[in-house]
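**Q** Start from the sequences, fold in the hints, and give me the full structure.
Read top to bottom, the protein sequences are chains A and B.
Residue numbers are given in my numbering: position 73 of the first sequence equals residue 73, and the series is strictly consecutive.
Residue numbers are given in my numbering: position 32 of the second sequence equals residue 32, and the series is strictly consecutive.
In short, the hints are calculated from the structure, not lab data.
Think about it this way: if two alpha-carbon atoms lie no more than 27 Å apart in a straight line, the pair counts; the simulated DSS-like pairs of lysine-lysine are:
hint, chain 1, residue 1, chain 2, residue 2
1, B, 64, B, 41
2, A, 3, A, 52
3, A, 3, B, 41
4, B, 20, B, 66
5, A, 69, A, 3
6, B, 14, B, 64
7, B, 64, A, 3
8, B, 20, B, 41
9, B, 41, A, 108
The lines below spell out each chain.
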Amino acid sequence: LAKTTQPISMDSYEGQEVNITCSHNNIATNDYITWYQQFPSQGPRFIIQGYKTKVTNEVASLFIPADRKSSTLSLPRVSLSDTAVYYCLVGGSNNDMRFGAGTRLTVKP
Amino acid sequence: GAVVSQHPSRVICKSGTSVKIECRSLDFQATTMFWYRQFPKQSLMLMATSNEGSKATYEQGVEKDKFLINHASLTLSTLTVTSAHPEDSSFYICSARLTGTDRRYGYTFGSGTRLTVV
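**A** What follows is the structure, encoded as structure tokens:
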């Protein structure tokens, strides 16, 4: 069971790049790292997933160092609509889908 | 693709009554579904893992007789909150895993159900 640790909250301003780091020291060999975004009164939404090195899609980048004990979600040029809670999940074949506390990102004008 | 539909989105019920929440995978088959409860300003708490054709696995502290889960088909899981009390008021969310896929991109969430017990 790979437990995750994230900052409880972060503040940013529109147009800035935001990096949220997640620690997962006991990640297993077959575990993937997945990030979700959640707005109030909505279900979590998939943002990005990776196993190692760097993954980039149209909304974010995910950086994973060689030891895979942490990962960093990078949101380029955030806007007010990026204000949400971001969750990092680590899991493999054991169907482990337990959420950590998440990071509450507030983007200010 | 991979859409999970959750219904109803909001429900208000009286204390002592039961409420059923449905979670449907619209365009894929889901062998495994997950049910979560989320209180205001808190993270999602896993309540149970629902497996098609077998009994659900409940997390410690979750009463299986109060939160009845049925996963009778590969596209539908239901959560019934029995004899609801005001403290059961919460946001309930389901999630489904795509059958036959590996862990990558294999989970999708419903939009949640806001339950208010009065």
